[in-house]
Amino acid sequence: MEAAPKPSSKAQVKTKGKKQPLRYWEGKADEASLLPSSLTAPDSVIVTKRKREDGTQPRGSQVSKRPKQTQRFKSKQNQKNLKSKHNQKHLQLKKDLRPNQKQELRLNHTLSGAQDPFPGPAPVSENAVKKFQRSSKFVKKHPLKFVTEDKLKAATDEEEETSVRAAQAELLLSEEPGFLEGEDGEDTSTICQADIAEAVDIASAAKHFDLNLHQFGPYRLNYSRTGRHLALCGRRGHVATFDWITKKLMCEINVMEAVRDIRFLHSETLFAVAQKRWLHIYDNQGIELHCVRRCDRITRLEFLPFHFLLATASETGFLTYLDVSVGKIVASLAARAGRLDVMTQNPYNAIIHLGHSNGTVSLWCPAVKEPLVKILCHRGGVRSVAVDSSGMYMATSGLDHQVKIFDLRGKFQPLTSRALPQGAGHLAFSQRGLLAGGMGDVVNIWRAQGQGSFLSLDQPYLTHRLPGHVHGLQFCPFEDVLGAGHSRGFSSILVPGAGEPNFDGLESNPYRSHKQRQEWEVKALLEKIPAELIDLDPRNLGEIDVISLEQKKKEQIERLGFDPEAKAPFQPKQKKKGRSSTANLVKRKTKVKDQKQREKVRQSQQQQDQQQKKKKKKLTPPLSTGPLPSALDRFKR
Amino acid sequence: MKKVPEKSSLRVSNHEEEVLGFLTNCELSTSEDEGDNNNKYDGEMDGKIDREVDGEVDSEVDGVDGEDGNNNNERKHQKLLNVICGLGGKKRLKLAERSEASLQVSEFNVSTEGTGEKLELTELLAPIKSSSSLGIVKKRLKSVKNKKTVELPLSKEENERILREAAYNKISQDMNKWEPIVIKNRTAAQLVFPLEQERVLNAPIEDVIEGWKVSTPLEKEIFSLLHKNKQPVTNTLLTSEEKASLQAMSLEEAKQRRAELQKARALQSYYEARARREKKVKSKRFHKMLKKKKTKEVLKQFEELRKINPTEALEQLKKIENARIQERMTLKHQNSGKWAKSKAIMAKYDLEARKAMQEQLTKNKELTQKLEVPSESEHDEDEEEDAGLIPAIVNEAQLSIDGPNPWMQKQRLNHIKNSPTQEKPVANEVAESEDEEEATAEDELLLQEVEERRAFRKNSKVEQGLQNHTVTTVTVPEKTKEDEEVLVHLRDLSKQLKQKAKKIRQNGEQPKSPPSATRSKPSVQREEQALLNERPSRMVEEDLETLDMEEVSQEPELQKPEAERQHRTHSNQKSPQKTKAEPVTDLHTIISVKAHIANSFLSVPTIVEQEDCDEDIIQKQLIKEAFAGDDVIADFQREKREAEKASEPKDIDLCLPGWGQWGGPGLAISARKRRRFLIKAPKAPPRKDKCLPNVVIAEKRNVHAAAHQVNMLPFPFTHTNEFEHTIKTPVGTTWNTQRAFQKLTAPQVVTKPGHIIEPIKDNNVDSSPSHFDLPNLQKKGHQYLNHRKREPVKDV
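If you read the sequences in order, they're chains G and L.
Residue 40 in numbering that gives the first Met the number 0 sits at position 41 of the first sequence, and the numbers go up by one each step.
Residue 388 in numbering that gives the first Met the number 0 sits at position 389 of the second sequence, and the numbers go up by one each step.
Calculated from the structure, these hints are not laboratory results.
Any given hint could turn out to be false.
Dumping the calculated EDC-like pairs for lysine to aspartate or glutamate here, alpha-carbon to alpha-carbon at most 16 Å [stated by the list, open to error]:
1) L:Lys682 to L:Glu643
2) G:Lys410 to L:Glu698
3) L:Lys687 to G:Asp536
4) L:Lys699 to G:Glu531
Non-contacting residues of chain L with respect to chain G, defined by C-beta distances greater than 10 Å in every case (computed) [stated by the list, open to error]:
5) Leu162
6) Lys290
7) Lys364
8) Arg671
9) Lys679
For every residue, glycine included, the Cβ atom is placed at its ideal position computed from N, Cα and C.
Work the whole structure out from these sequences, hints included.
If you want it as structure tokens, here you go:
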């Protein structure tokens with residue numbers, strides 16, 4: 000019986016045989032190992048291709064990495080025969096690169112002899128993984144049970160794996176956003192739309208257009224969530240929806256009534272129109288589907304896409320939530336602040352922001368009858384409110400001609416503010432954090448100066464004068480376009496860098512077909528979030544309801560008459576020969592008690608010490624940079 | 000003579016007693032014990048003696064049994080027998096039969112009755128033969144005595160308890176072998192039933208094939224053919240020879256390398272030979288010349304270096320300087336050495352000796368001369384000569400090492416940081432080696448190059464050996480004499496340089512680029528700056544008395560280093576946030592945050608464009624007019640106060656009118672009673688908007704949302720944060736990739752349809768734990784994670 004020879008035994012048997020054709024990577028590997036320094040670019044194309052994705056390591060090091068590995072493998076085979084310095088060198092290098100070589104070797108080794116030049120799954124950069132990690136690592140404060148520890152470990156493992164998977168599945172070569180850059184010293188705000196339209200490609204230039212609709216008064220507008228469709232409503236009853244990129248009209252009607260606002264529902268097939276008396280819902284052909292009489296005299300509409308809620312603010316001061324999936328009014332909240340005509344939603348947590356005439360902005364959710372938060376923003380009434388897509392910042396403008404930006408993360412403090420000569424009547428945030436403000440017939444757009452910095456209101460990024468006064472502003476999703484409805488129609492303004500360049504095809508696909516839309520609709524309905532879950536912090540849902548937990552426990556204790564989890568108080572043991580006298584018992588009890596007390600005190604002391612140390616540490620670094628103080632310093636003049 | 004028999008009798012009686020004791024014991028003990036004892040001593044004594052003793056004992060036993068009432072008769076019978084025996088004339092040795100203590104055997108006297116013999120001294124002196132046997136008995140007796148009594152059998156309960164314990168232990172051991180499996184199955188993320196399924200082929204096919212063996216004749220034939228031709232069988236496309244040939248170098252390259260090596264070797268040997276020859280030359284003059292030549296060379300090189308690379312020259316100079324210092328430390332030229340003294344004697348008569356002395360003295364002078372302090376201004380030159388008395392080292396130390404003088408420290412530190420060359424202590428060796436390098440620069444370079452190359456490729460042994468040799472020759476510097484020589488050269492060199500520098504200064508020219516001057520410059524500046532800095536601070540101190548306290552605090556701040564100042568500014572930035580913490584008072588400031596007026600050319604709408612710059616003021620007026628009636632801020636404050644009041648927990652008043660007092664309309668309940676029946680509500684936790692004057696945050700809980708939250712802690716968790724950590728990762732497809740989603744939502748238990756789930760068998764437990772490995776899915780995960788760990792992605 001002869002066994003198929005193993006690689007180690009085979010090496011000794013082999014002599015010169017017929018040369019077999021090399022695989023492209025094999026040849027490269029050998030070459031590379033011979034001349035690691037003289038690798039030319041075309042040779043290394045295959046090798047470097049993968050590396051560029053994470054782009055973390057210098058190319059040279061990457062290039063030599065792969066060949067080394069193959070070399071290492073070979074050198075293991077015929078260590079006795081070959082003792083070239085190259086091999087030795089690689090061996091040395093390999094050690095620190097790959098801790099478990101054996102596994103690697105096994106993976107490499109295939110039946111045909113071809114070696115996978117990139118064995119194993121693609122490497123993922125740690126930063127990419129970090130981006131998808133939800134929570135910080137669990138910090139164990141006290142010893143845990145084995146079971147608990149196991150579960151925690153399983154959870155962390157799961158989390159890590161999912162984040163790695165997510166990082167691996169991340170889009171490669173995504174579109175990069177960019178802004179308009181002026182030549183040296185040139186202010187970008189001086190660049191007019193005509194120039195931009197001239198400079199950009201035809202498809203983009205076609206996105207800049209004006210609709211001259213002077214008959215039916217100031218227009219409001221709404222883009223659908225995919226950014227593909229546009230709904231316009233003139234105050235004098237003109238309602239139209241169309242695919243604004245192809246300019247294909249879907250419907251155009253005149254409702255013969257004053258129209259205050261228009262809003263697409265979850266898809267472009269349905270839209271709600273706030274008419275003079277009631278709320279009407281039309282389909283994409285302009286057929287009136289519903290007339291919601293419980294919502295009357297609506298001034299503003301907002302649609303919460305994940306909850307399928309249409310929030311309406313009325314002249315009578317009511318904020319009403321209408322569930323459009325079942326046609327039920329979820330909540331009707333009295334704002335008790337007069338007429339409501341400033342409303343916006345926070346896309347992060349679906350909270351509705353209402354602006355009031357007394358300078359406050361109130362935050363609402365359908366489950367609570369009073370405002371969650373009330374922020375005093377302006378001396379005069381609030382004219383408009385906008386919240387950015389991350390839900391961190393809120394821009395407000397008031398009658399005191401100021402525009403302010405508030406931090407919405409717990410503190411609700413103004414970050415910046417700026418007085419504008421006329422005050423901004425309308426504000427809108429783009430997906431990428433540009434802020435547009437409509438002042439009279441002028442639209443100003445601000446952006447953050449520099450990478451990663453906060454929006455600055457000092458210098459507008461772009462300005463544009465419209466033929467009439469602004470009446471509605473909205474950035475088009477996934478497009479570098481700002482739609483502005485004004486008294487003489489509608490104009491679409493090009494704003495480079497406004498829209499998110501990469502869209503999620505499963506979530507809101509501008510190019511989706513009829514079928515895709517239907518499927519998406521079903522899925523979206525299945526994943527509808529109940530209205531009660533709207534809260535300031537959407538992460539609350541992942542936390543335990545401590546209050547009811549405590550309540551439950553209290554009830555249980557009441558029911559049982561004792562606390563089943565409580566530790567029994569110390570009961571001194573009965574001793575004989577008079578050692579269990581009352582005095583002795585008391586003494587023993589106090590002894591135990593004191594010990595506990597001491598332990599507590601010690602712990603608190605330690606905590607204090609640590610805190611002090613931390614404080615000191617915070618204080619010390621600047622001191623340490625200077626020269627060490629000398630004893631003679633006190634005589635210094 | 001009388002006493003002796005007594006003694007012997009005593010001894011006998013003792014024996015007897017022992018025997019008796021033994022007998023009584025024998026009666027009690029079982030026959031088994033006796034047998035044991037016999038066996039015990041078998042090895043030590045003869046069988047004969049043993050038997051004898053046994054016989055003795057037996058007879059004695061009989062005797063004891065016999066004497067009950069017939070005691071007298073027997074005695075008489077014995078006497079009779081004795082008489083008859085005595086009649087016979089011939090004496091028969093008669094063994095004294097032992098019986099109970101009697102006249103014959105008594106503890107009080109020894110009777111020779113029965114034997115008819117007299118006790119002789121020799122008999123007493125000699126050891127009694129039989130004592131040996133008695134000793135054995137004694138030993139046996141001892142052992143018998145040591146033996147404890149047999150314990151009572153255990154009670155029934157105890158017996159049962161022990162049995163139970165043993166049974167428990169055994170069973171628990173049996174059960175324990177299940178434990179790992181149970182734990183594994185319990186903690187497994189997924190269980191696939193039936194458990195004993197064939198494992199999915201995770202391993203690559205190569206692993207499976209490795210175990211495969213040639214069985215059929217055809218296969219054998221094929222493999223034998225392959226082996227004959229030495230073809231690679233399992234993998235790799237190239238044979239080992241091919242690979243070797245690929246990796247070997249070309250002929251030309253090899254030739255080139257050989258040539259290089261030859262040249263290097265030749266050079267090496269040449270240099271070695273020359274060095275040896277030079278060393279052997281005994282002429283002092285020759286060496287002197289050599290020295291001078293060397294110094295000249297060094298000087299020349301230094302000059303060149305100064306022109307080309309001033310910084311390096313500076314370093315060189317420092318080395319020289321260092322050498323000088325070390326030379327100084329040796330105090331060789333003080334004319335105090337042995338040689339110097341001898342020369343001093345000779346100097347009177349010998350001209351040469353005098354010359355030598357002179358030389359030494361000049362050297363000494365040179366060394367003890369005060370170092371020119373270049374930081375001082377030019378007219379220090381005069382002082383320099385005067386200061387020859389002061390040891391130069393003092394100044395040197397002051398210069399090089401920054402003294403602990405805090406007044407001087409300020410600026411100097413920076414300078415020191417800027418010029419790291421000043422700090423580096425340069426060893427003597429380094430200077431020497433570099434000197435050598437320069438001398439033989441070109442050839443050395445070649446040699447080194449070759450060496451490096453050689454170190455790179457360690458192919459042939461011969462090469463390695465050679466290399467080792469060369470390395471040692473190169474790296475180990477020859478000390479002692481050469482060392483000194485170089486020192487001397489360097490000293491000379493430094494002297495010359497110094498003189499040059501002096502000349503230049505005397506000419507009144509700005510030194511072009513002498514390293515000493517370049518070094519002195521910063522120090523001059525440094526001191527000047529220190530002075531400059533000092534002055535204002537003093538001024539401030541004087542002024543301080545007149546100034547306000549605020550300014551006092553500001554002024555020193557200016558003086559502090561920048562880092563500190565930055566820190567301050569940071570803290571300043573932080574402080575406003577803290578001040579915001581104080582409620583209400585700041586509300587105005589928050590609302591009327593300083594707003595800059597935007598001025599972009601288009602920001603003003605067309606209609607209002609005509610307005611002037613005073614627009615701002617006008618606007619303010621307008622606003623004031625418009626909101627004259629309503630004070631927004633006051634309204635808000637009121638609102639907030641109300642909200643605070645509403646959220647406060649209320650006390651419960653349990654007072655009932657009329658109880659213990661008169662009640663009725665118009666009658667107030669007394670304060671005492673009220674106080675008694677008032678249940679005070681616990682203090683509410685601080686409001687979230689306590690520190691936010693412009694915000695009212697509702698304290699009401701969102702009950703509807705809370706209904707969706709988890710309101711109990713599941714089993715193994717004891718703290719909320721533990722559990723929260725496990726549910727933090729979202730599960731849905733919206734947040735996860737498809738694979739991850741599938742994994743997260745995989746069922747805990749999977750059963751295969753149509754398969755019988757049988758209990759785990761006993762025989763499987765110990766033998767094949769592989770069946771109970773973690774389920775497939777989890778395994779994949781592990782593998783995956785391992786891979787990640789194996790290949791950590793590095794961010795540079």
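Against the structure, the hints come out as follows:
Distance check on the hinted pair: L:Lys682 and L:Glu643 sit about 13 Å apart at the alpha-carbon level, within 16 Å; holds. Distance restraint check for G:Lys410 and L:Glu698: the Cα-Cα separation of roughly 15 Å lies within the 16 Å cut-off, and the hinted pair is therefore satisfied. Distance restraint check for L:Lys687 and G:Asp536: the Cα-Cα separation of roughly 14 Å lies within the 16 Å cut-off, and the hinted pair is therefore satisfied. A threshold of 16 Å between alpha carbons decides the hint, and for L:Lys699 with G:Glu531 the separation of about 14 Å falls inside it, so the pair holds.
Against chain G, the non-interface label of L:Leu162 holds: every CB pair exceeds 10 Å, the least being about 33 Å. Every CB of chain G lies more than 10 Å from the CB of L:Lys290, the least distance being 44 Å, so the non-interface label holds. With a cut of 10 Å on Cβ distances, L:Lys364 stays outside the contact zone with chain G, its closest approach being about 38 Å. The beta carbon of L:Arg671 is kept farther than 10 Å from every beta carbon of chain G, the shortest such distance being approximately 32 Å.
Distance check on L:Lys679: its Cβ is at least 20 Å (rounded) from any Cβ of chain G, clearing the 10 Å threshold; non-interface status holds.
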